[in-house]
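Got chain G; can you put chain W on it based on the hints?
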Amino acid sequence: MSFIEIRNVEYKYAEDMAALKGITLNIQEGEFTVIIGSNGSGKSTLAKLLNVLLVPDSGSILVDGMDSKDQNNVWEIRQRVGMVFQNPDNQLVATTVEEDVAFGPENLGIDPKEIRKRVDDSLRQVGMDGYQKHAPHNLSGGQKQRIAIAGVIAMLPKCIVLDEPTAMLDPQGRREVIETITRLNHNEGKTIIHITHYMEEAIGADRVIVLDNGEVKMMGTPAEVFQEVDKLKSFQLDVPPITELAYELSRSGLIIPGGILTVEELVEKLC
Amino acid sequence: MLIKLENVSHLYEDQSTVAALKDINLTVNQNEFIGLVGHTGSGKSTLIQTLNGLIRPTRGKIFIENEEITSKGFDLKTIRRKIGLVFQYPEHQLFEETVEKDIAFGPRNLGLSANQIIDRVHWAMDMVQMDYDEFRQRSPFQLSGGQKRKVAIAGVLAMRPQVLILDEPSAGLDPMGRNQLLQLLIRLNKEYQMTIILVSHRMEEVAELADRLLVMNEGYLVLDDSPREVFQNVNLLEEIGLGIPQVTRLLWEIKKRGYNIRTDLLTLKEVKEEIISFTRGRELC
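Residue numbers (the numbering used here), protein chains in the order written: chain G, 111 to 381; chain W, 89 to 373.
Please note: incorrect hints may appear among the correct ones.
Said to hold, decoys possible - Quick list of in silico lysine-lysine cross-link-like pairs, DSSO-like style, CA-CA up to 27 Å: (1) Lys189(W) with Lys92(W); (2) Lys179(G) with Lys122(G); (3) Lys158(G) with Lys131(G); (4) Lys243(G) with Lys223(G); (5) Lys268(G) with Lys227(G); (6) Lys357(W) with Lys343(G); (7) Lys122(G) with Lys327(G); (8) Lys341(G) with Lys165(W); (9) Lys379(G) with Lys343(W); (10) Lys165(W) with Lys92(W); (11) Lys165(W) with Lys189(W); (12) Lys131(G) with Lys379(G); (13) Lys149(W) with Lys160(W); (14) Lys379(G) with Lys344(W); (15) Lys92(W) with Lys379(G).
Hints in this document: simulated from the structure, not taken from any laboratory.
Just chain G, with the same shape it has in the complex (with noise of 0.2 Å):
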């Protein structure tokens, strides 16, 4: 069984507006999967199925076994996924960085103590230890995105799940969401899912998955998806520009193999 197993989910907004038309998909344990897609693709309706926001129409969604439909699963679920958003200035309700990755440990009624050290230890696994005291709004945007990542991960989830953390940033903010998702993936095993609009975040990814009108079009690894440049194009989507040179550079005779991803593969073909 995989951890989370999404089979033939279907969701509306209105009788004529389907987000999702039948959506089946399995998540491994400990898999990193980016999840591309234009805007109105389903992609954050998928997310919100994810942590319960939303329960499908139809299909179901299963999160460790456990049926995200059944009312009495809602908050075993929520515990084993968090979830990340974009705006960092709507998820920081404290007025200093510990209260506020200690809210929701506290809402479960955990032992002081036991917070202490989550809150300590989800710092240090974001790479924000030291900053317990200082107020949250005098952050970097980059910094405001990890203490959201902390206060999730102190809820010990097993996956995290990020509804495009990373476009409000700039380009400094954004590689440190990046570098602190895959370090918690490669060091602490948690399963990550990862929207995104910026193509280049899915380079590192195990596996991406395009959706294009609430319908799953592409699944495979980076390199792989990414050699269909024509493809995601018809999707409204882009290739990393290193992957769209290579294209163009085999297209015109050139021997390169498809799905390079970046600056160093291409540079070795090269050269």
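Chain W only, in chain G's frame:
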């Protein structure tokens, strides 16, 4: 010359030791397309706010069409007609009950006739590719994020400014939304002779669009040149955390390995041609 800054410096009151702008000298000419880049906190946002009078710099002079807007008692309203500013996430500032009213807000304050206002709204919606009849009565709050952004930009366009300044207008848009927006900027610049100042974190974006690039760091204007020249300063740009377009970085990496290749190319097309001739040359030796 349209805009001129002479020795402009600015200090924020609450952080008196940190200067947001340090001795900026700059001229902007009619119909230029300028990219403005810099790390967060480099002074970009402060700079653009001084240009339309939202911030009065603590030192130095700013001239717009030879009028000094930093002089005491200057009527800043006239400037805001000439210089349109699209803030970051401008959709957060929508407030009217219909799309049409929101876009008409600026023109109405200009004292135009009802017909002129409708013409302006219609034109602005055409420019951002929103159908007038379909959207004019809709509530802006029920639109998607990308559509809201379009309404907000249309509201600034409806003022028909000579200069359009945009602070990261493509942030958070999907690839198609971003492409549409960039095409709009090109059109405003070429067909309507609007002067464009585009603040962006995407080096690819400014490399492709701008005729001239301004680079800010710690309050200083450190580079002011064509993108081609600016992106030759690889070390400086990496040091200040900006980097260069990926395709250009590829050329530098090939050169580092001892090959003879041009590095002053920025677009995918240019780089592709250079690499093709580079590989041909190697086959010959």
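Can you give the numbers of the hints that this structure goes against, from lowest to highest? 1, 8, 12 and 15
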